[in-house]
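A.B. asks: Chains as they are written, first to last, in this note's numbering: chain G, 1 to 201; chain U, 202 to 664.
Check before you lean on any hint, since a few could be wrong.
Stated by the list, open to error - So, partial list: chain U residues that the calculated Cβ filter (under 8 angstroms) puts toward chain G: (1) D343; (2) V369; (3) D373; (4) K380; (5) H470; (6) W474; (7) G475.
Since the hints were made in silico from the structure, they are not lab data.
Treat the numbers as computed from the prediction; the structure is a model and nothing was measured.
We treat Cβ as the ideally placed atom computed from N, Cα and C, and that holds for glycine.
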Amino acid sequence: MFQDLLKEENDVARSTKNEIMSALAGLLQTKRLDDITVTELVEQCNISRQAFYYHFSDLYGVVDHGIQLLLEELRAPSPEQWRSTLERTLTLLRENRTLVLNVYRAYERSYVEHHLRQWAMPLVEARTRLAAQRYSVTQDQIGFLIELLTQALASIVLSWVDRGMPSSVIERMDDFDILAEGCLEYTMERLAQKNQRCQQP
Amino acid sequence: MTMMNDVKRTGFRTLYSYLDRDPDKNIPKLMDWVDRFAGDGPNSFPAQRAAFRKVIEDPDNNWYRLLRSMWTDVDDGVRRTFFENFMLNGNLIGWPIQEEARERYGCNIPWAILLDPTSACNLRCTGCWAAEYGSRLDLTFDEIDDIIAQGKKLGVYTYIYTGGEPLVRRDDLIALCNKHNDCMFLCFTNATLIDEDLADQMLRVKNLIPAISVEGFEEATDSRRGTGVFQKVRRAMEILKQRKLPFGTSCCYTSANLDVISSEQFVDHLVEWGAKFTWYFHYMPVGNDAAPELLPSPEQREEMYDKVRAYRKTKPLFIIDFQNDGEYVGGCIAGGRRYLHINANGDVDPCVFVHYSDSNIREKPLLDCLRSPMFMAYHDGQPFNENHLKPCPMLENPDRLREMVERTGAASTDLGSPETADHLCSKCDGYARRWDPTAQRLWSCGHSCAGCAQPCPDRREAG
Numbered sequence: 001m002f003q004d005l006l007k008e009e010n011d012v013a014r015s016t017k018n019e020i021m022s023a024l025a026g027l028l029q030t031k032r033l034d035d036i037t038v039t040e041l042v043e044q045c046n047i048s049r050q051a052f053y054y055h056f057s058d059l060y061g062v063v064d065h066g067i068q069l070l071l072e073e074l075r076a077p078s079p080e081q082w083r084s085t086l087e088r089t090l091t092l093l094r095e096n097r098t099l100v101l102n103v104y105r106a107y108e109r110s111y112v113e114h115h116l117r118q119w120a121m122p123l124v125e126a127r128t129r130l131a132a133q134r135y136s137v138t139q140d141q142i143g144f145l146i147e148l149l150t151q152a153l154a155s156i157v158l159s160w161v162d163r164g165m166p167s168s169v170i171e172r173m174d175d176f177d178i179l180a181e182g183c184l185e186y187t188m189e190r191l192a193q194k195n196q197r198c199q200q201p
Numbered sequence: 202m203t204m205m206n207d208v209k210r211t212g213f214r215t216l217y218s219y220l221d222r223d224p225d226k227n228i229p230k231l232m233d234w235v236d237r238f239a240g241d242g243p244n245s246f247p248a249q250r251a252a253f254r255k256v257i258e259d260p261d262n263n264w265y266r267l268l269r270s271m272w273t274d275v276d277d278g279v280r281r282t283f284f285e286n287f288m289l290n291g292n293l294i295g296w297p298i299q300e301e302a303r304e305r306y307g308c309n310i311p312w313a314i315l316l317d318p319t320s321a322c323n324l325r326c327t328g329c330w331a332a333e334y335g336s337r338l339d340l341t342f343d344e345i346d347d348i349i350a351q352g353k354k355l356g357v358y359t360y361i362y363t364g365g366e367p368l369v370r371r372d373d374l375i376a377l378c379n380k381h382n383d384c385m386f387l388c389f390t391n392a393t394l395i396d397e398d399l400a401d402q403m404l405r406v407k408n409l410i411p412a413i414s415v416e417g418f419e420e421a422t423d424s425r426r427g428t429g430v431f432q433k434v435r436r437a438m439e440i441l442k443q444r445k446l447p448f449g450t451s452c453c454y455t456s457a458n459l460d461v462i463s464s465e466q467f468v469d470h471l472v473e474w475g476a477k478f479t480w481y482f483h484y485m486p487v488g489n490d491a492a493p494e495l496l497p498s499p500e501q502r503e504e505m506y507d508k509v510r511a512y513r514k515t516k517p518l519f520i521i522d523f524q525n526d527g528e529y530v531g532g533c534i535a536g537g538r539r540y541l542h543i544n545a546n547g548d549v550d551p552c553v554f555v556h557y558s559d560s561n562i563r564e565k566p567l568l569d570c571l572r573s574p575m576f577m578a579y580h581d582g583q584p585f586n587e588n589h590l591k592p593c594p595m596l597e598n599p600d601r602l603r604e605m606v607e608r609t610g611a612a613s614t615d616l617g618s619p620e621t622a623d624h625l626c627s628k629c630d631g632y633a634r635r636w637d638p639t640a641q642r643l644w645s646c647g648h649s650c651a652g653c654a655q656p657c658p659d660r661r662e663a664g
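Whenever a hint applies, use it, and build me the whole structure from the sequences.
C.D. replies: Here's what the structure looks like:
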């Protein structure tokens with residue numbers, strides 16, 4: 001998964017960071033993150049410990065960096081493409097199942113949830129704002145819907161990872177898309193009606 | 202302890218976020234709460250609270266201007282890291298760990314560790330041993346890393362680099378800042394290696410603050426350090442200022458430069474250049490090539506004493522004069538009482554100026570160094586004088602250093618110019634005798650009539 005992201009990196013610092021990320025991705029194929037040491041990693045990519053620490057505070061810093069790159073990569077180019085972006089994310093995670101689980105099991109659940117929300121929020125927001133164009137709803141109401149759907153999406157993905165990432169959930173994303181659309185359209189319509197009633201004397 | 206520290210961390214972060222949202226409005230509000238909680242009991246620090254309130258209620262007050270400039274002149278992330286690493290870890294969390302270790306091991310445990318990453322320097326300054334010293338010595342990355350790891354176990358979260366020129370090892374220092382991102386690092390530097398790239402890295406790691414050596418204006422600096430050095434220093438300050446990176450200055454005062462670097466004009470320039478703190482150091486006649494004539498006269502040292510106290514009431518600059526401020530820290534802070542010094546050869550010296558040791562960090566753990574005969578001699582002997590204007594076992598009490606070195610068998614660790622303790626101390630004997638009457642007069646005046654509103658008859662007004 002990381003390899004594709006690394007192509008864009010070019011200067012010296014980035015290339016060292018990329019080597020470190022690639023080497024860690026390699027080690028994560030066979031070991032959990034909390035069983036890997038910095039010494040082992042720097043031996044793998046043939047750099048000194050100080051070169052590692054110049055870029056990262058610890059191994060979790062490497063993973064954080066990888067996640068940030070991934071989040072940038074997985075930003076939907078347009079609201080209409082949110083469905084394909086959802087699917088692409090889950091497929092990518094599943095293709096790197098061993099690595100993802102070896103990282104996931106070293107982290108606190110709340111930390112993973114935080115990152116998942118970071119990923120889900122922009123996707124949900126773009127989709128929600130697209131729907132909101134047709135209804136007269138307030139920013140507060142839009143914010144509430146974004147919060148609700150972000151929470152739902154992050155929870156679905158988290159429990160999917162928890163269960164070892166079965167492929168059936170990827171197909172289930174179609175249903176989630178329908179659910180989200182229905183939820184947004186129906187709720188916004190009702191909210192717009194409510195707003196209109198409130199405005200009448 | 203861990204749970205208590207979590208409570209401290211959460212409380213501190215909540216307070217900090219509150220302050221950070223609107224410092225002008227929230228600093229006084231915070232003080233209202235402190236007053237309400239503190240009550241008026243005997244341990245409620247009424248005088249301190251009143252003094253602080255006076256500061257924060259007067260926007261023109263120099264200390265308020267300095268505090269406020271932490272928000273206007275310092276990057277948000279760097280300021281947060283400073284409060285977290287220096288105030289929270291270095292004091293609220295670190296201090297109780299240090300105290301516990303002091304009690305458990307019966308020795309000094311430092312608050313800060315000074316260390317020389319390298320003996321090398323990129324400049325060739327007149328009179329500096331680093332210029333003459335032939336071979337280069339370095340503490341490796343792993344050695345420094347290990348010292349910090351040992352220090353943190355004892356509650357030490359503040360590390361200060363000296364040298365040599367520490368920034369010769371800039372990449373290693375950045376890596377150490379990154380690895381120990383819960384610590385605060387200060388770096389004495391000639392500043393000539395501070396460029397845009399290094400400043401960007403400092404902004405990234407957020408926990409490295411330079412203390413730039415300045416000894417006067419352009420002519421004085423360049424004549425000692427080389428042509429163009431002053432402009433490089435000014436450029437470095439500009440680069441730091443542009444990125445909202447805080448820095449301070451370090452000034453060594455001698456009989457030759459004291460008039461200039463203690464002048465109001467110079468201090469005003471430091472503020473204008475962007476310095477947030479200035480550490481004044483009294484010249485020490487260390488090494489065979491030392492020039493005892495550069496030792497300030499008693500009149501000059503008294504002038505320094507007066508001026509620093511006057512500036513503290515007017516200038517938005519945190520000034521410490523290490524030789525004259527013993528009263529605030531109970532005298533000598535070396536020998537691990539508040540700090541110690543590890544040179545580029547790994548020798549663990551009691552003080553950055555006292556190069557006699559019986560321990561090397563490559564041979565024993567830090568805690569064993571602190572329990573070595575030389576460090577225990579400091580522990581048992583401190584304070585070396587009840588008059589904290591005569592704090593040093595070398596400069597003002599040279600017989601004390603002679604005796605400690607003799608008794609413990611500590612050897613000279615001076616890399617450039619090893620000398621016997623007697624040779625060193627004999628350069629201080631005359632100074633100590635000459636300073637004594639002034640020190641006694643200042644001390645008795647400052648301490649016998651504490652709180653009296655009348656100026657002492659035998660003290661001239663500061664200015």
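A.B. asks: Work down the list of hints and note, for each, if the structure agrees.
C.D. replies: Quick rundown of the hints versus the structure:
1. D343: holds, 7 angstroms
2. V369: At about 14 angstroms, which exceeds the 8 angstroms cut-off, the nearest Cβ of chain G leaves the hint on V369 of chain U violated.
3. D373: Constraint on D373 of chain U satisfied, holds at 5 angstroms.
4. K380: At 4 angstroms from the nearest chain G Cβ, K380 of chain U passes the 8 angstroms test, so the hint holds.
5. H470: Result: violated, 35 angstroms to nearest chain G Cβ.
6. W474: violated, 29 angstroms
7. G475: violated, 27 angstroms
Consistency with the previously given hints fails for numbers 2, 5, 6 and 7, ordered from lowest to highest.
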